[in-house]
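J.: Residue strings, one per chain:
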Amino acid sequence: MKRMLTALGALLTTAVMSLSAAQADKLKVGFVYLTNPGDHGWTYAHEVGRQQLQDHFGDKVETTYVENVPEGPDAARVIRELVAQGNKVIFTTSFGYMEPTLKVAKEYPDVMFDHITGYKRAPNMATGNIRFYEGRYVQGVVAGLTTKSNTIGYLAAFPIPEVIQGINAFARGLRSVNKDASIKVVWVNSWYDPVKEADAAKVLIAEGADVLAQHTDSPAMLQTAEKAGVKGFGQSSDMHKFAPKAQLFSSVNNWGPYYISQVQKVMDGTWSTGDGPDHWAGNTWKGIGDDYLVLTEFKNMPAEVAAKAEAARSGIASGSLNIFEGPMKDNKGNMVLEAGKVLDDGGLWGMNYYVEGVKGNIPN
Amino acid sequence: MFDELLLTVLLTSIPLILAATGELVVERSGVLNLGVEGMMLMGAVAAFGAASLSGSPYIGILSGGVAGLFVAAIFSLFVLGLATNQVATGLALTIFGTGLSGLIGAPLVGQAIEGLPALHLPILSGLPFIGVFFQLDILAYGAIVIVGLTSFFLMRTRPGLILRSVGINHDSAHALGYNVLRVRFYAILFGGFMAGLAGAYLPLVLTPHWAEGMTAGRGWIALALVVFASWQPWRVTIGAVLFGGVTIMQLAGQARGWPIPAQFLSMLPYLATIIVLVTIASRGHIALGAPAHLGKSFFITR
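The listed protein sequences derive, respectively, from chains A and B. Residue numbers are given in the working numbering: position 18 of the first sequence equals residue 18, and the series is strictly consecutive. Residue numbers are given in the working numbering: position 221 of the second sequence equals residue 221, and the series is strictly consecutive.
Isolated chain A, as found in the complex:
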């Protein structure tokens, strides 16, 4: 009997070992999502990226995700849980996960963390971002050529650098084709509150806006635009089915290439060779030129407007068009960038002003 038990025990041990050996062959990659992916918007774009990653590597990776994770301290618990499940690479896909990711990264130095859209890094925590503002410049060009009232409504979530960059890039595009048009910004203080976004869109239309742009996540603005007979731009993913007559185009976040290249680096052992101080994990920030940002088909606009939009898009892609190139004034008339100079990335993140073409002040 005793011998049998020992044999059984040995058998079990072998089974467990071979199981873990099988698991070790696969690189486990975890994702933290802000909302459930649904089929549009910010998190959906990440989910598409995750699927591309899975398809690209097939059996070599095992991806999991946790959805509906609130930003803030609670996120740390979820990230730790993903570590406990054996994930070796963890992508946290919203700005608000920055501190929790950093905290957990320090606790687990052998796990590689990748935070999306933040700026804090650690030896095992890289940051990835897309130059969303490039798409907004093209939106500005289209808006400037489309508007009759010369009033553009802009729904913004929170006054963080990324959103300010977007507003300013939009204004640069707008003013490059239409000196009389300007942007009215409404802060809804939420990334996702469909009813409030719809309310804000209605208010902006009532205030005379005939083209709407958004830096919030739901299709509510476009639906409102469709109903009111004005135009607008989709966010993060193609939203034209919500507003077939209203959507001019949408800037689609294409995270797949980033996820694939990061995981490839982990497999090659070249991941932690960043360019920051103390060889900190690196910072990736790419845009239209690298297909990290993709613009959907230009619709609901005359061919000559679409041609101008395409010219702007390809100019940005090739690098011949600099969005923030002097002379550039803020909306109070102060010169912020001399003629001939180009704003560097530090300058982009340090924008605490609106450029010409935006009305009002940035909230504190």
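One thing to keep in mind: the hints can contain errors.
As the list claims (entries may be wrong) - Partial chain B-side listing against chain A, Cβ under 8 Å, derived:
no. : residue
1   : Leu5
2   : Gly160
3   : Leu161
4   : His209
5   : Ala216
Hints listed in this document are in silico derivations from the structure and should not be mistaken for laboratory results. No experiment lies behind these values; they were computed from the predicted model shown. Just so you know, even glycine gets a beta-carbon here, dropped at the ideal spot from N, CA and C.
Position chain B relative to chain A; hints supplied.
T.: Just chain B now, with coordinates in the frame of chain A:
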């Protein structure tokens, strides 16, 4: 321009009016149902799903109300049948409704429907200034009618009196031979139906798509409005319109570049609620108008 803003204010306040009126009746009967948010979400998902499948927003309205009613029935099973703690059960109901609506709604995400059409009443809708009051949809008109009927029922009818007396002192009402549990059961069902309608209003009128958690806290605002209104139906309407007004005003203020911080304006409705509460409370419990047995479980002891 002003007309459009006023219309937006009215539309934004309709779900608050519906949900708060329902909750008011529930609380008047002595039951505190904190599950309004969950019932609204169930109403919203059912309304959207039914409207999407059937192609008729009117079927959507009905389904929304019925879904709210069903969730409320579960609530009543616990708080009336098993005399569980009302606060805990209500909170559980919100969590339950949020999760279940997300689950049911998952395949509905990304679909778009034709919303409820606005019914412009002839002549009246063409009037200057007040014309927008007659450019609403059937559910909005219905909301106003329901508030009127609820007020009449509570204050002017015998069953209304019984309902209120159950809320003030369930032991006395029981001693007088009234069936406390049955009265409360009906009140809870009514509250659920109304919360379901309120939820239905979001995907049928305000934003014709389904999104998980799309009520974004409006159920809680409805609860606050009942207190704000000191349990008087018409004051609920005033409170809801005030709340909607401030919400829209802060958005319009930003668009117009008013020098007031948007955060301050967003805070105003909550500030108003606190001020009203403090003012009423300082005048004593009776003036507050809270049903004396609100939140207390009823046991038949004799």
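J.: Against this structure, judge whether each hint is valid.
T.: Status of the hints after comparison with the structure:
no.	hint	result
1	Leu5	5 Å, holds
2	Gly160	32 Å, violated
3	Leu161	37 Å, violated
4	His209	6 Å, holds
5	Ala216	5 Å, holds
When held up to the earlier numbered hints, the structure conflicts with 2 and 3 and fits the remainder.
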